[in-house]
Structure formats: C-alpha cells, structure tokens
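Chemist: Each chain, letter by letter, is given below.
There are 4 protein chains.
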Amino acid sequence: MTDADVIATLDDLIRIPPFHAYLGVEVVRAAPGLAVLRIPPKEEFVGNPLVPAVHGGIIAALVDLAGGAALFIETQIPTPTIDMRVDYLRPAIAGRPLIAEARVASSGKHVAFVDVDVKDDQDRLVARGRCVYSVKDRASPPPGRAYPIG
Amino acid sequence: MTDADVIATLDDLIRIPPFHAYLGVEVVRAAPGLAVLRIPPKEEFVGNPLVPAVHGGIIAALVDLAGGAALFIETQIPTPTIDMRVDYLRPAIAGRPLIAEARVASSGKHVAFVDVDVKDDQDRLVARGRCVYSVKDRASPPPGRAYPIG
Amino acid sequence: MTDADVIATLDDLIRIPPFHAYLGVEVVRAAPGLAVLRIPPKEEFVGNPLVPAVHGGIIAALVDLAGGAALFIETQIPTPTIDMRVDYLRPAIAGRPLIAEARVASSGKHVAFVDVDVKDDQDRLVARGRCVYSVKDRASPPPGRAYPIG
Amino acid sequence: MTDADVIATLDDLIRIPPFHAYLGVEVVRAAPGLAVLRIPPKEEFVGNPLVPAVHGGIIAALVDLAGGAALFIETQIPTPTIDMRVDYLRPAIAGRPLIAEARVASSGKHVAFVDVDVKDDQDRLVARGRCVYSVKDRASPPPGRAYPIG
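Protein chains in written order, with the working numbering: chain A, 1 to 150; chain B, 1001 to 1150; chain C, 2001 to 2150; chain D, 3001 to 3150.
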C-alpha cells in the first residue's frame, strides 16, 4: 500500500465506532509506528462554560485512540489498552482543532508502549500521553478484517 | 445542605457540559471527598463492533469526571486536572451501566490526589484511575457559582 | 505452607539482591495477593539535608519491590515490571520506618495490576503506587527455585 | 556561568545525598531544562541473579533524580515530586552504565512536567519516565544555597 492508501484505509476504519464519529476524528498522517489524528473544534467539547477549554475526557479519549491507531498500522490486530497516562500541560483553548501525534516507542512480544503529543493548530503542546497496549495476539491475527481501534 | 441536597446540586451541575450530557452521567452518591457517578449503557459507547466492550476513551473520561466531582464537593472551586492514569483491568462489557466511585486520597494546599474505581452493575472492577488536580485557587473561590467539573 | 512459612520464605528470598539489603527490607505480612514490607529508618535515605525527608527514589524502589512480592506469592515466577506510577502524597519524614502494603488488584493471563500504599509508622499515607507486571511465563514456571523479585 | 560551570555545580550538588553517592551518579550534560546523568555499572544493582538486569527500583530512582536535576537548573529551588511514571521498555542489561536524559516539557506557575529517557551505553532505550514536580515556591527562593534534588 502507498502512504496515501494507508491513510485512507485507517481513516475509513477509524470512523466506524460511533464515539469516533462523535469526536469527528480524521487521519492526517499514518506510517508504521506513527499516526497523526485530528479532531475539529466543537462547542460541545467545552468542559466548563466559564473556562472555555476542551474537556479533559475528550483529550484522554483522543490520546487512547491515537495510540491504538499508531500501533494498528504495525500490528493489524486489535490491541487492548492496558493502561494510559495523560498529562495536561496547558488548557486546550476551545474553538481550535486538536492534533494528536502518536509514535510507537517500543513494541515487544507482549506489550507495546506508545507516546502521544496533543497540540492545537498553533503547535502549542496541550497534553502528552503514554499508553501501554497488549499485543498478545500478534502471532495469530484474526481471520478477516476486524475493526481494531478503540 | 443535607446529603440529598448535595447529590441534587452536584447532579444539576454535572449535567451542564454537553459532553456530560452525551455520556448521560448521573450522580448516585456524594459526600465530602466522595462521588459516585453512573453512566447508562449506550450502543454508541462500543469501541470495536467485533469486541462489544465500552470504548476506553469513554472510561477515561468518566474517571476524570468522577475525580473532579469528588473534589468539587470539598473545594467548591474549579480544579484543573494535572494528570491522570487509567488502568484497564478487564473489558467493560457493553450493555451494562458503569459506576465510578471516586475518593479523595489526599488534598493539600496545591494539589489533590483522587482514586477512582470503575465497576459494572455486577460489581466487577473494570478500571482503576488515579488523578491529580490543581487546587491552587482554593484560597480564593470565584465570585458567584461557577460550573467547575470537566 | 503456613502463613509463617510463607513470610519466612519470602523474607529469605527478598534479602538476596544487594539493593534490597541496602534498603534493609523485611517482610511483615504475606498472603496470596498481599505483601507488607518494611524498611527501617536510615540516615542515608534522606534526599535533601535541608528537608529531612526520605528520597523519592527510595520510595519508588520500595513500591516496585512490594508490588512484585505480592505477585510472587501467587505466581511463584519472575514477573518483570511493565510500568509503575508513584504518587507522593506527603513528605516521608526521615527517621521513621516505612511500611508498604501491596495488594494484587487483578491478575490475568498476561498482566497483573498491583496497588501499593506506603505509610510511616504513625499510619500516615506518604505515597501510593500502581504497578503493572508481565505474568506471561505463568504457564511455564522455571525449573528449580528462581529468585524472582526486583 | 558557562556550561562547564553549570555542569560542575550540578555535579557537586548531586553528589551530596548519600543515596546518590550509593548510585554513583554523575552529571554528563546540563543546560536550562536539560540534565543528562550517568550511573556506572555496579554488581549490586542487579535485581535478580538469574536475570542479570538492573533493578527496576534503581532505574526509577534515576528517573526521579534526573527529572529533578533538569528542573533545578531552571528553578534553583527545591521542587518536590508530585508523581512519577516509569515505563520499562526492555531489561537494562547489568554491567553497562545507564544514561538518563531529562527534558522539561512544560514549566508553569505551579507544576512542571519532565520527560526522562534512560538508555544504556549502546543507546538502547531501556526506560522512559514522566515526572511532575511542584514549583510552588518558585516566587520565593530559599535564602542561601539549598541542596535541592532528591
């Protein structure tokens, strides 16, 4: 597959789960061990009307999703999240898209570690995530094409 | 306020942000340093149609939300999330409500630590969270009633 | 084995690694899924002479060690640490022993989650840890008695 | 101060705590927001005689220490650790020095986030850490020179 094909395929898959459709997530870049996803600004993502910042839960969901996507390009199998950490470096100002760049740091026989940076469209780092996924079924990919991320 | 009043007030506040309305979150119990929240089963929370489990991002959002709610009962101020960890102990089977029980472990002058257990309606522990919040503005609560959680 | 035997066996094993000897760790209680360890007060554990508190690295090491011990009682195999989180709730005043109570929260086919509370001898919670271990070799225990913790 | 002065000063300070002397830590590089520390190979750092790898607690201590050092160059004040995460990407083979490179990701009025990579002398990434520190006293540095790290 060309890079464009990888992006298009991942973009198709990632839009399937209804929660991803709610987030409006789209694939910006994709390569082995790398996924860059984008969610658009939406008024309903604001956590606190008095502090117009994106809800931390939206950002956490984006981190998990991007990490799983980066891994899927390599593994082509579902990789359940074992644990996740999100650090909120600064408020994500509402009204701006958020871009999550996920890179696989290490992928072994049993688990994989993925780092995720979340920036706004002015390249300000708003959050940083670390996710650990189980890749236990790597040896036996499922028959047929399973939707794997989320 | 009576306990029932605390619950009703928190329940009113927590339903304000649109993302909380999407989650359908409601307050089950509330006391100083404790919040128990519930989200109903929704088909759109499923992450992967082939593995009918609740999306990890939904669970992460619930953890952050419950932690903030437990703290708000004590502080009555907005407390931005500094960081959060979520451990996914077992898949959250779709079609069941999820109950998050958040307890403030320690609340100092600057930061507060909150532990969150997420169980299904059969009391199976599906996830465990640890959240750290900034309580820096505790000394100067905002004028008027601010919506604080999220 | 009786409970006393379990404690004595674990205590023997845990003293083998030189770093554990440096820490002076001893086993206080032990049962399936539970380990309570203790390190004595030592002047050399102080991190900063001007703030006489125990070094955070000593506490982190104790967390990892206690979590591994709790798991070893169940698994009897080496369980490498995948990741660990430590929250420092309050300074651990130097000159007091520290007691780490580790409980296995969940132990599956591939990974296990362990929670660890670190208290001083006045029952003040000074730190709280969460560790994830690989239990991948559970099916095939090593021949002979392996020292497993650390 | 020249870069060499910064390194020499930090190196002097970092050797003060007895636990750091035990670790044998030395400063390799230092600049605002960056610290590179090194610990030598020592037989007593081995966790499990049957699996000759460096004890996870040693690595966790190094992560905390390096993160605090990177921050101290900027802040010149003690910055207590709020929480720390360590991911163990691969075993740290005993008999090799370990190098921790800590970079301040974000430093605000109240907290700072630091990322730490731990590699061996063959540039293999063995662990990755994320630490959050309280910088609350930044406005009021202590009188005189306090030893700050640890």
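These are computed hints drawn from the structure, not numbers from a lab. One or more hints might be untrue.
[What the hints assert, rightly or not] Keeping only pairs whose Cα atoms sit at most 20 angstroms apart, straight-line, the calculated DMTMM-like set for lysine to aspartate or glutamate is:
id, chain 1, residue 1, chain 2, residue 2
1, C, Lys-2119, C, Glu-2101
2, C, Lys-2042, D, Glu-3044
3, C, Lys-2042, C, Asp-2121
4, A, Lys-109, A, Glu-44
5, B, Lys-1042, A, Glu-44
6, D, Lys-3042, C, Asp-2120
7, B, Lys-1136, B, Glu-1044
8, B, Lys-1109, B, Glu-1074
9, C, Lys-2042, C, Asp-2120
10, B, Lys-1119, B, Glu-1044
11, A, Lys-42, B, Glu-1044
12, A, Lys-119, A, Asp-12
[To be verified] Label pairs and their in silico Cβ distance ranges:
id, chain 1, residue 1, chain 2, residue 2, range
13, A, Thr-9, B, Asp-1005, 46 to 56 angstroms
14, C, Arg-2090, B, Leu-1125, 52 to 62 angstroms
15, D, Lys-3109, A, Asp-123, 20 to 30 angstroms
16, B, Asp-1121, C, Asp-2123, 30 to 40 angstroms
17, C, Ala-2004, B, Ile-1016, 53 to 63 angstroms
18, D, Pro-3049, B, Arg-1090, 33 to 43 angstroms
19, D, Arg-3124, B, Leu-1125, 48 to 58 angstroms
20, B, Pro-1032, A, Arg-29, 44 to 54 angstroms
21, B, Ala-1021, D, Thr-3002, 57 to 67 angstroms
22, D, Arg-3015, C, Asp-2123, 51 to 61 angstroms
23, A, Ala-31, B, Arg-1090, 49 to 59 angstroms
24, B, Lys-1109, D, Val-3028, 33 to 43 angstroms
Cβ atoms here follow ideal geometry from the backbone N, Cα and C, with glycine treated the same way.
Chemist: Each hint: holds or not?
Modeler: Right, here's what the structure says about each hint:
1. Of the pairs offered as hints, the one joining C/Lys-2119 and C/Glu-2101 holds, with about 8 angstroms between alpha carbons and a cut-off of 20 angstroms not exceeded.
2. Taken as a hint, the C/Lys-2042 and D/Glu-3044 pair is honoured in the structure, with Cα atoms around 18 angstroms apart against an allowance of 20 angstroms.
3. Taken as a hint, the C/Lys-2042 and C/Asp-2121 pair is honoured in the structure, with Cα atoms around 14 angstroms apart against an allowance of 20 angstroms.
4. Among the hinted pairs, A/Lys-109 with A/Glu-44 is inconsistent with the structure: their alpha-carbon atoms are about 40 angstroms apart, more than 20 angstroms.
5. With a CA separation close to 18 angstroms, the supplied pair B/Lys-1042 and A/Glu-44 stays within the 20 angstroms bound.
6. With a C-alpha separation of about 30 angstroms, the suggested pairing of D/Lys-3042 with C/Asp-2120 is violated against the 20 angstroms cut-off.
7. A C-alpha spacing of about 37 angstroms is found between B/Lys-1136 and B/Glu-1044, which places the hinted pair above 20 angstroms, so the restraint is violated.
8. As the CA atoms of B/Lys-1109 and B/Glu-1074 are separated by approximately 13 angstroms, the hinted pair is consistent with the 20 angstroms bound.
9. As the CA atoms of C/Lys-2042 and C/Asp-2120 are separated by approximately 13 angstroms, the hinted pair is consistent with the 20 angstroms bound.
10. As the CA atoms of B/Lys-1119 and B/Glu-1044 are separated by approximately 19 angstroms, the hinted pair is consistent with the 20 angstroms bound.
11. Proposed proximity of A/Lys-42 and B/Glu-1044 is supported: the alpha carbons are some 18 angstroms apart, at most 20 angstroms.
12. Note on A/Lys-119 and A/Asp-12: the hinted pairing is violated, with a Cα-Cα distance of about 23 angstroms set against a maximum of 20 angstroms.
13. For the pair A/Thr-9 and B/Asp-1005, the supplied restraint of 46 to 56 angstroms holds, since their beta-carbon distance comes to about 53 angstroms.
14. Between C/Arg-2090 and B/Leu-1125, the C-beta spacing of about 27 angstroms breaks the proposed range 52 to 62 angstroms.
15. Hint check: D/Lys-3109 to A/Asp-123, Cβ distance near 22 angstroms, so the stated range 20 to 30 angstroms holds.
16. For the hinted restraint 30 to 40 angstroms between B/Asp-1121 and C/Asp-2123, the CB-CB distance of approximately 34 angstroms keeps it satisfied.
17. Separated by about 57 angstroms at the C-beta atoms, C/Ala-2004 and B/Ile-1016 satisfy the suggested range of 53 to 63 angstroms.
18. Checked against the given bound of 33 to 43 angstroms, the beta carbons of D/Pro-3049 and B/Arg-1090, roughly 35 angstroms apart, stay inside it.
19. Here the CB-CB span from D/Arg-3124 to B/Leu-1125 is close to 36 angstroms, at odds with the stated 48 to 58 angstroms.
20. With their beta carbons about 47 angstroms apart, B/Pro-1032 and A/Arg-29 fall inside the hinted range of 44 to 54 angstroms.
21. With their beta carbons about 58 angstroms apart, B/Ala-1021 and D/Thr-3002 fall inside the hinted range of 57 to 67 angstroms.
22. In this structure the hint that D/Arg-3015 and C/Asp-2123 lie 51 to 61 angstroms apart at CB is violated, the actual value being about 35 angstroms.
23. Against the hinted window of 49 to 59 angstroms, the Cβ-Cβ separation of A/Ala-31 and B/Arg-1090 comes to about 32 angstroms, which falls outside the hint.
24. For the hinted restraint 33 to 43 angstroms between B/Lys-1109 and D/Val-3028, the CB-CB distance of approximately 36 angstroms keeps it satisfied.
In this structure, the earlier hints numbered 4, 6, 7, 12, 14, 19, 22, 23 are contradicted, and the remaining ones agree with it.
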